[in-house]
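Trainee: Okay, here's what each chain looks like letter by letter:
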Amino acid sequence: MRVFHFSEQPYPDAWDPSATSLRITLPNRLCDPQVAAELYNRYYDDWMLADDLGFDIMVNEHHSTATCLSASCHVTLSILARITKKARLLALGVPLANRTDPLRVAEELSMIDVISRGRLIMGFVKGVPFEVPVANSNPGRMMERLWEAHDFILKAMTSHDGPFNWEGQYFHYRNVNIWPRPWQQPHPPVWITAMSMSSAAPIAERGHVLATFLSGYRTRPLFDAYRAAWKQAWSTEAPADRLAYLALAATASTEEEAHRRAAEISRYVTTTGIVAEQFRNPPGYSSIEDNARMLKQAGTKPARMVPTRSGGSIDIAGAQQTVPNLIEAGLMFAGTPDQVFNQIVDFDRACGGFDNLLLMMQGGALTRADTTDSLTLFGREVLPRLREYSRDKASRENAAA
Amino acid sequence: MQELDLAPEFVEVAGVRTELRQEGAGRPILFLHPGMGIGLDGSSAFVRRMSEVGGVLAPSHPGFGASELPSWMNSVDDLAYFYLDLLDKLDLRDVVLVGASLGGWIAAAVAVKSTARLCSVVLLDAFGIKISGRETRDIADVHALTRTELSRRLYANPTADTRDFASFSDDRLRAIARGRETEAFIAWSPYMYDPKLIHRLHRIDVPTLVLWGAADGIVAPDYGRAYASAIPNARFHLIDGAAHMPHIEQPIAVAALVASLAGFHQKSRVPA
Numbered sequence: 012m013r014v015f016h017f018s019e020q021p022y023p024d025a026w027d028p029s030a031t032s033l034r035i036t037l038p039n040r041l042c043d044p045q046v047a048a049e050l051y052n053r054y055y056d057d058w059m060l061a062d063d064l065g066f067d068i069m070v071n072e073h074h075s076t077a078t079c080l081s082a083s084c085h086v087t088l089s090i091l092a093r094i095t096k097k098a099r100l101l102a103l104g105v106p107l108a109n110r111t112d113p114l115r116v117a118e119e120l121s122m123i124d125v126i127s128r129g130r131l132i133m134g135f136v137k138g139v140p141f142e143v144p145v146a147n148s149n150p151g152r153m154m155e156r157l158w159e160a161h162d163f164i165l166k167a168m169t170s171h172d173g174p175f176n177w178e179g180q181y182f183h184y185r186n187v188n189i190w191p192r193p194w195q196q197p198h199p200p201v202w203i204t205a206m207s208m209s210s211a212a213p214i215a216e217r218g219h220v221l222a223t224f225l226s227g228y229r230t231r232p233l234f235d236a237y238r239a240a241w242k243q244a245w246s247t248e249a250p251a252d253r254l255a256y257l258a259l260a261a262t263a264s265t266e267e268e269a270h271r272r273a274a275e276i277s278r279y280v281t282t283t284g285i286v287a288e289q290f291r292n293p294p295g296y297s298s299i300e301d302n303a304r305m306l307k308q309a310g311t312k313p314a315r316m317v318p319t320r321s322g323g324s325i326d327i328a329g330a331q332q333t334v335p336n337l338i339e340a341g342l343m344f345a346g347t348p349d350q351v352f353n354q355i356v357d358f359d360r361a362c363g364g365f366d367n368l369l370l371m372m373q374g375g376a377l378t379r380a381d382t383t384d385s386l387t388l389f390g391r392e393v394l395p396r397l398r399e400y401s402r403d404k405a406s407r408e409n410a411a412a
Numbered sequence: 031m032q033e034l035d036l037a038p039e040f041v042e043v044a045g046v047r048t049e050l051r052q053e054g055a056g057r058p059i060l061f062l063h064p065g066m067g068i069g070l071d072g073s074s075a076f077v078r079r080m081s082e083v084g085g086v087l088a089p090s091h092p093g094f095g096a097s098e099l100p101s102w103m104n105s106v107d108d109l110a111y112f113y114l115d116l117l118d119k120l121d122l123r124d125v126v127l128v129g130a131s132l133g134g135w136i137a138a139a140v141a142v143k144s145t146a147r148l149c150s151v152v153l154l155d156a157f158g159i160k161i162s163g164r165e166t167r168d169i170a171d172v173h174a175l176t177r178t179e180l181s182r183r184l185y186a187n188p189t190a191d192t193r194d195f196a197s198f199s200d201d202r203l204r205a206i207a208r209g210r211e212t213e214a215f216i217a218w219s220p221y222m223y224d225p226k227l228i229h230r231l232h233r234i235d236v237p238t239l240v241l242w243g244a245a246d247g248i249v250a251p252d253y254g255r256a257y258a259s260a261i262p263n264a265r266f267h268l269i270d271g272a273a274h275m276p277h278i279e280q281p282i283a284v285a286a287l288v289a290s291l292a293g294f295h296q297k298s299r300v301p302a
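Keeping their order, the protein sequence lines are chains A and B. Numbered per my numbering, the first sequence finishes at 412, counting up by one with no gaps. Numbered per my numbering, the second sequence finishes at 302, counting up by one with no gaps.
These are calculated hints, taken from the structure and not from any lab test. All figures in this text were calculated on a predicted structure; none of them were measured in a lab. Just to be clear, a hint being listed does not mean it is correct.
Stated by the list, open to error - Okay, the calculated bits of chain B under chain A, using three or more residues with CB under 8 Å as the criterion:
1. 172-183
2. 195-206
3. 273-287
Stated by the list, open to error - Non-contacting residues of chain A with respect to chain B, defined by C-beta distances greater than 10 Å in every case (computed):
4. PRO144
5. ALA287
6. GLU288
7. GLY295
8. PRO335
What the hints assert, rightly or not - Facing chain A, from chain B, some residues (calculated, C-beta under 10 Å):
9. PRO100
10. ASN104
11. ASP107
12. GLU165
13. THR212
14. PRO262
15. ARG265
16. PHE266
17. HIS267
Virtual Cβ for every residue (Gly too), placed ideally from N, Cα, C.
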C-alpha cells in the first residue's frame, strides 16, 4: 500500500466559522504575505520529511480561499520535484474543466515529470462548483470538457513526430508539439476522482486510477462499480492499485494526544463547506434530477447522515462531528500506531481492498511539531506494517490464483 | 402568482422538437420568455391580455421547458436563428415580436438578422448589450445573489414571487432546473450579452418599443434608454410599479402598450 501525505496548505488565521463564506468573497487583505510565506515553506518542510520517511506526496489546488493557499498544483509540484528525492508526486487534482488552456497543462506537467525524473502522477478533476464563478468557466457540460482536455493532454504527451492538429468541441490548436516530452512512457499515470457510481465506468474503461475523497462506507459500492466496469472492459479483476481513498489521519504515542491532533485536522471538515449559498451550485454543474431535488428541499437543512462501519448511520454535522464519529464513519484514522494500523486494515477489508491511501495528516492549525511527530510515528510504525500487510495480501491472492 | 395553464402542443422546427402554447387569434404576437421559462414565471395574465388583441404564440426556447436543445447550440445567436426558422416554418407574417429579459436579448438578436416577418418589436428589460466600462457591470450577476436578494431586484413588490417550489410537480421542477442550466450555458461569458449586438441594432427597421420596469434591480432603466437610442425607430417607456419583470407585475399596462403596436399595420415583405 502506498501512503500519500496531503495538506491543503491552509491559512487558518483567516478562518472564522461564523463567516458566511471562507471562499470566493473572503477579501485577501486577510492574507498576510509574511504569514503565507512561513506557511508555504513549513508545508514544504513537512513534505520533505514525508519523503524521507517513505511517504508519497499529494497536493491540490483551490482558488480565492483561505482553506487552501495552493492556487496551482503545478507551482507546488514544481518546487517539490526539485526538493524531494523518492516520493511519487500526485496532483489531485488539476481542475481540467476550469482550465482554458490544456496545452499549457500538458507542457507544465511534462516539465514536472522530467524535473522529478519520472515521479509525477497526473490527477484530473472536474473542479469544485464554487470555483466555477472564479474561473468564469461554463458550468454546463463540464465532464465533456474534462474528457476532451484529458484526450488532448495524453495525445500531446504521446506524440513525438512533430506538430499535430486539434479541432475539438472545446479546444482548438494547430501546432501541438510539446517540449519537453514526459519522462514516463507512454505518459505519467492518470488518476481521476469520482464520487458517484455513474462516474466509475469511464475511468475503469481507460485503465486509470479512481480516487475518492471522504466517502467513508459509501466507498465499497463505488469501488465495486469500478471493479465491474473494469472486468467488463478488460476481462480481468481490477488490480487494487487502480483504487485510491482519501481520509484524515493523526497518530501519537497516546490515543488522547492523537485525538487532539485529529480534532485540529478535522477543522477542515467544519470549514471546507463554508461557502455562500449562491456559489454552491452553479446551474449545469449538477444534473437536472439533482437540481430538481434540491429545489424541492430548498430551505430545509438535513442532518449529514453517513453510514458506519457497523452498518448503521450517524450524523456528523455540527456538534456530532467528533473524532470518534469520524473514525466510526471511515472518514478518519486516528490513534496510536496500533490503532491506526487496525483501523486502516479494517477499512481496506470493508472496501474490498485498495492500494493507494491518501492521508490528510496536516490540517487546520496543526503545528509543525505535531505534524512532524505524527508523520514520524506513522512512517516508522505504521507504513512498514501496511507494506507487509499488502505483500501478504498479494501473495495470498497469487496463491489463490 | 398564477401559472400559465395552457396545454402545450409540439412543433418540429429545424429538427428541434419545440413546446408551443397558443392562445387567441389574429395578428401573431410571438412572446419570447425570460430565463425562468414560460408557464413557470407567472406570465399567464400577460399572455391572456395579449391574446385579446392577437394570436399569441408562446414557445419554450430550445433547452427550456420541454423543448429540445441540440448539442451544437450554445449561444443566443443559435436561438435567434432557431426563431427565424420558426417564423418561416409557421409562415408567420407581420409579427409583433415581444421578448422579456433573456427573451428580449433573443428578440433583438432575431431582429438584427431579419425583420422580414416582423411588423414591430417589444423589448422588456432585455439583456444583450454592453454599455459601460470593463469594471462596471450593466447586468447584475444573478448567479452571485441569494434568492432573497434576487427577488428584491426582480420585483418591485418582492412578495409577488410566491412560488413554493416544494409544492411543484417533479416535471415542473425539472423544467425549471433545465431552463436555469440552459440560460447559464448560453449566456455565461460574456455574461448575458453579446459585445457585437449593440453595433448591429441599427439594422432593426421596424417600430420598436423598449419597456423598462422603473425599479429594475437587475438592469437599470438607463441601460434600456441606451438600447432604445441604438435602434432607429424606437421609443422608451418606463413602467411604474415593476422591476425586472414588468409583464408579470404590470400585465395590463404592458399588454396595452403591446396592443398599441399590434394595431400598427405594415405590408408584409414576405411574398404571399
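Trainee: With reference to the structure, classify each hint as holding or not holding.
Mentor: Hints versus structure:
1. For the stretch 172-183 of chain B, the stated coverage by chain A holds: 5 residues have a C-beta nearer than 8 Å to a C-beta of that chain, and at least 3 were required.
2. Beta-carbon proximity to chain A at under 8 Å applies to 7 residues in the stretch 195-206 of chain B; the threshold of 3 is reached and the given coverage holds.
3. Remark: the stretch 273-287 of chain B is not confirmed as covered by chain A, as 0 of its residues place a Cβ nearer than 8 Å to a Cβ of that chain, below the required three.
4. With a minimum CB-CB distance of about 7 Å to chain B, PRO144 (chain A) fails to clear the 10 Å threshold, and the non-interface call is violated.
5. With 10 Å as the threshold on Cβ separation, the claim that ALA287 (chain A) sits away from chain B is violated: the shortest Cβ distance comes to roughly 8 Å.
6. Remark: the non-interface label on GLU288 (chain A) conflicts with the geometry, its nearest Cβ contact in chain B lying 6 Å away (cut-off 10 Å).
7. Remark: the non-interface label on GLY295 (chain A) conflicts with the geometry, its nearest Cβ contact in chain B lying 4 Å away (cut-off 10 Å).
8. PRO335 (chain A), annotated as away from the interface, keeps every beta carbon of chain B farther than 10 Å; the closest lies near 36 Å.
9. The closest approach between the C-beta of PRO100 (chain B) and any C-beta of chain A is roughly 13 Å, which is over the 10 Å cut-off, so the hint fails.
10. The criterion of a C-beta within 10 Å of any C-beta in chain A is met by ASN104 (chain B), whose closest approach is roughly 8 Å, and the hint holds.
11. Restraint check, ASP107 (chain B) versus chain A: the minimum CB separation of about 16 Å is more than 10 Å; hint violated.
12. The restraint placing GLU165 (chain B) at the interface with chain A is violated, with a minimum CB-CB distance near 15 Å, outside the 10 Å limit.
13. Interface hint at THR212 (chain B): satisfied, since its Cβ lies 8 Å from the closest Cβ of chain A, which is below the 10 Å cut-off.
14. Using the Cβ-Cβ criterion of 10 Å, the hint placing PRO262 (chain B) at the interface with chain A is not satisfied: the shortest such distance is roughly 34 Å.
15. Look at ARG265 (chain B): its Cβ only gets to about 34 Å from chain A, farther than 10 Å, so that hint breaks.
16. This hint is violated: PHE266 (chain B) has a C-beta 31 Å from the nearest C-beta of chain A, more than the 10 Å allowed.
17. Violation of the interface hint for HIS267 (chain B) is found here, the shortest Cβ-Cβ separation to chain A being roughly 32 Å, above the 10 Å cut-off.
The earlier numbered hints that this structure contradicts are 3, 4, 5, 6, 7, 9, 11, 12, 14, 15, 16, 17.
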